[in-house]
Amino acid sequence: MISKVFLWELKSGGKPYIMLLILFLLIYVATDYPPRKGTGTYYEPYVNLLSALDIGWSINEIWWFLFPVVIALAVLLFSYDIDRGLLRTYMLSQASRTSLFIGKLAALFIAVFIPLVVGGVLILAFADPTLFLSDPLFVLNGLWLRLVGWALMMYVMIGFSVFAAVLLKKPLYAFVTPYVVFYALESARIPMSIRTYIPPDSFIQFQFITPGNPAYLIEHDLLAAWNFNWPCIAVATALLILSYILFIRMEQS
Amino acid sequence: MSNNIVTTENLTKHFGKTIALQDVSLEIPEGSVYLLIGPNGSGKSTLLKIITGVVKPSKGNIQVFGLNPWKQRTKLFQKTGAMYEDHPMPGLSTGQDFLVYMAKLQRLKDPKQAALRAAQLFEAEAFWNRPIREYSSGMKRKIALAHAFMGDPELLILDEPTVTLDQNARTKLRDLIQQGLKNKKTFIIAAHVLAESEELATHTAFFADGKAQVQGRIEDLANQYGASRITIQTKDPLQTAKTLTEAGYTKITITEQDLELAVPPGETEKIAKTLQESKTEAKITRTWIDLWAIYKQALKKSRIATLG
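For the protein sequence lines, the chains are E and C, in the order given. According to the working numbering, the stretch in the first sequence is residues 1 to 253, in order. According to the working numbering, the stretch in the second sequence is residues 254 to 561, in order.
Don't read these hints as lab results, they were simulated from the structure. Hints may be right or wrong, so weigh each one.
In silico DSBU-like links for lysine-lysine, alpha-carbon gap of 30 angstroms or less [what the hints assert, rightly or not]: (1) 11/E <-> 393/C; (2) 553/C <-> 312/C; (3) 4/E <-> 328/C; (4) 270/C <-> 170/E; (5) 437/C <-> 170/E; (6) 4/E <-> 332/C.
Covered stretches of chain C (chain E as the covering partner; in silico rule of three or more C-beta atoms under 8 angstroms from a C-beta of chain E) [what the hints assert, rightly or not]: (7) 299-306; (8) 344-351; (9) 355-364.
Remember, it's a predicted structure, so these values are computed and weren't measured experimentally. Just so it is clear, CB atoms sit at the ideal spot from N, CA and C, and this is done for glycine as well.
Pulled out of the complex, with its shape left as it was, chain E reads as follows (with noise of 0.2 angstroms):
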């Protein structure tokens, strides 16, 4: 049953245009066009050519530019406003709120997680000057750790949005809290070791895209990471938890 929800949520509503979409800014946000200053002088040929692909990423502009996107569609599947008309139908069926809760959840997720994935690494692979210059195969190196940074740092995103779309009823405010609250936290004046534990700073770890240079992640990366990021899963995980028993008790009325 969770299947059919997911599949359905991650086709339905013009979801795929909007993942289309989601790639498009991705791919042109992340490049660096036009090319940024100090990314280094090449004297090989094609280089001047590449080198308006250069990328300029880091973890602060993929969390600030995703952010939105994550809550924009976390109010399109979960909020009572906006959802609470279709969820009332989908009740006319053998789908329990469970499955419509982690249907929902997993269409979320994949509909912004493969962009992403998709995104960088095309843009690694076609980007990186280097690439062409020596192995093309360095292109994998750390893959699975930055998949596994930018899956954390999504879960962190999707926590905050999913319960923002839940409880706050008017698709508005719950588009606009999230990403408020965190901007403040930005923009305050907060210590650098409490500054640390926040999101986007928590995830500086994963700040591995040096233009010219193929990113190389160990493990010892991931660590560190985790080590800066538990407690925002934490808080995730507790506010999906709080969102999962408010949509399940929730009434169509």
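Use these hints to put chain C onto chain E, whose structure you have.
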């Protein structure tokens, strides 16, 4: 053993300070068409939402097939189909995709075939591959009805099923209900206006101000409130009316070629005999129950000022 499909006891629902439903106790027997009737906002739809398990009652008990709908909704929908007045559907999807998806959620074998069969009941397969956002309200209603009838459920819950339906679809719905009754299926229909399918009702409850003001078997109510009617077709309405008046029947309404007569319980045959003997070529064409007459009298009795 009781053969009631739905039983409610003192069912009450508050939405904040608003009382949507108050102390409603109903028994809906198997193989009946139970008509919930009343003005907008009288509590009918809230009751249907409680029966389908999407709203939790504030107080009281409810059992549908012996199950608690709020806690055991998925089991309940193994043998229940339902449609709402505003049956929400995803506008970007086609009616076909929606019905197939719903068939999958109903765990039906061969969901595509099940969806097609349901659509064919209301001739919805002619337009079901178009996006739902392009549908008229009548087309949406047909898809919603197909959703409710899909999988041949034992209990059908229909909220205002005939509103915006064309005549052909209304007749189809009436035929399906008639056929369902033969197969011991149970129908719960909410309506604020009466249409053909509602005339098949065997039981009724009239709602006003969140309460079931009057309820029971329609025949019993008709006897109690003097609401049995016959329609007489005649070439000479005035002469026929005179004959009936002389025979002691005074509650007569004359239309162009018809007479409507309020009939005391069990006197239909006596009237038929009177008409035969009068040689006015008048004949009884329809025997029916004036539900509004019941409701009006019930309301009068309970001193509720308006009917809605």
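Hints and how they fare:
no.	hint	in the structure
1	11/E <-> 393/C	holds (21 angstroms)
2	553/C <-> 312/C	holds (28 angstroms)
3	4/E <-> 328/C	holds (18 angstroms)
4	270/C <-> 170/E	holds (21 angstroms)
5	437/C <-> 170/E	violated (45 angstroms)
6	4/E <-> 332/C	holds (20 angstroms)
7	299-306	holds (count 4)
8	344-351	holds (count 3)
9	355-364	holds (count 5)
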